[in-house]
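Based on the provided sequences and hints, a complete structural model is requested.
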Amino acid sequence: MDNALAVFSALADPTRLRILSLLRAMELSIGELALVLGQSQPRVSRHVKIMADAGLVLRRREGSWVFLGLGDMVVPLLAAIDAWQGDGDYWAVADIARLAAVRADRARAAEDYFNAHAAEWDAMRSLHVAESEVEAAIRMVLADAPVGRLVDIGTGTGRMIELLGAEAESAIGIDRSPEMLRLAREKLASTGLANVELRQGDMFALPLLSASADVVIIHQVLHYAQHPAAVVAEAARLLAPQGRLLVVDFGPHEKEELRTRDAHARLGFTDAQIASWFAAAGLESAAPVALAGGELTVNLWLGWLTVPADTRVVT
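The numbering of the sequence shown is this note's numbering, which starts it at 1089 and goes up by one.
Hints were generated in silico from the structure; no laboratory data involved. Some hints here could point you the wrong way.
[To be verified] Using C-beta positions, here's what the derived DEER-type ranges look like: (1) 1298 / 1186: 24 to 32 Å; (2) 1280 / 1350: 30 to 38 Å; (3) 1374 / 1298: 18 to 26 Å; (4) 1134 / 1299: 43 to 51 Å; (5) 1342 / 1165: 31 to 39 Å; (6) 1149 / 1257: 39 to 47 Å; (7) 1360 / 1288: 32 to 40 Å.
This structure is a prediction, so every number in the text was calculated from the model and none was measured. In this text, a Cβ means the ideal position worked out from N, Cα and C, and glycines have one as well.
Quick look at the structure:
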């Protein structure tokens, strides 16, 4: 009974209901919530503390930022809130519109950064173990089955297609940046690879059919995503039965300058985070592979689709 009282007390405020709705859409920082809600950060922090104490909100620190997500106990509450709201209310609609504007601004800033640094992109990966070691590990992790139809999300300069394209039945590289795609075309033109296609697209809404890929790679891209769970779910949507998703990215770290200088939205990921996103997308997980070296650890997380594509639910 005490838990129920704490939960309903925490929700007995319009702002906290708005926060619940926003966190349902994606993980956000205190600053992002304040921007969307049009309130001061201290005021939003007080609301978040009340919700966290009631178990409605989970806080996860990354460097100097704290990201907020929904607690495990909110699932039954959401169904009730949806029923009470009916067609929705003004604040819910307005908040989601402002959230979309915040995300669009961040996406434009990231795209400007990618375009400005495209020519030096490969060289910027020098903070971690040698790229040759990472690529050898990628080959090893994928060696158990044919590559088949390959999709590289956030293809950048096309290195993953260059690495695996000869073993693939076909390869498609997706990137939001036209400048990155221009460089990828220049690089891949000299390889002689057949059945390679490059497309401009958003990793949150990929311009490809469901169940159209056997291997999907997200190589050093997920840390740029404001909503990484949604990227994993969208990537999993592409997988045919027994298809594999490989995420290559950093483990947790405290290099705050990568956020401010290099547009990283996330300071690495834990094994538990990736495993939970894989599970939510209908994927089983292999044991992660960690490559320590340099200032950052590179991890390889492999998941595969075991249920038919037409019977699973990807949210």
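Against the structure, the hints come out as follows:
no.	hint	verdict
1	1298 / 1186: 24 to 32 Å	holds, 31 Å
2	1280 / 1350: 30 to 38 Å	holds, 33 Å
3	1374 / 1298: 18 to 26 Å	holds, 23 Å
4	1134 / 1299: 43 to 51 Å	holds, 47 Å
5	1342 / 1165: 31 to 39 Å	holds, 34 Å
6	1149 / 1257: 39 to 47 Å	holds, 43 Å
7	1360 / 1288: 32 to 40 Å	holds, 33 Å
In summary, the structure agrees with every hint in the numbered list given earlier.
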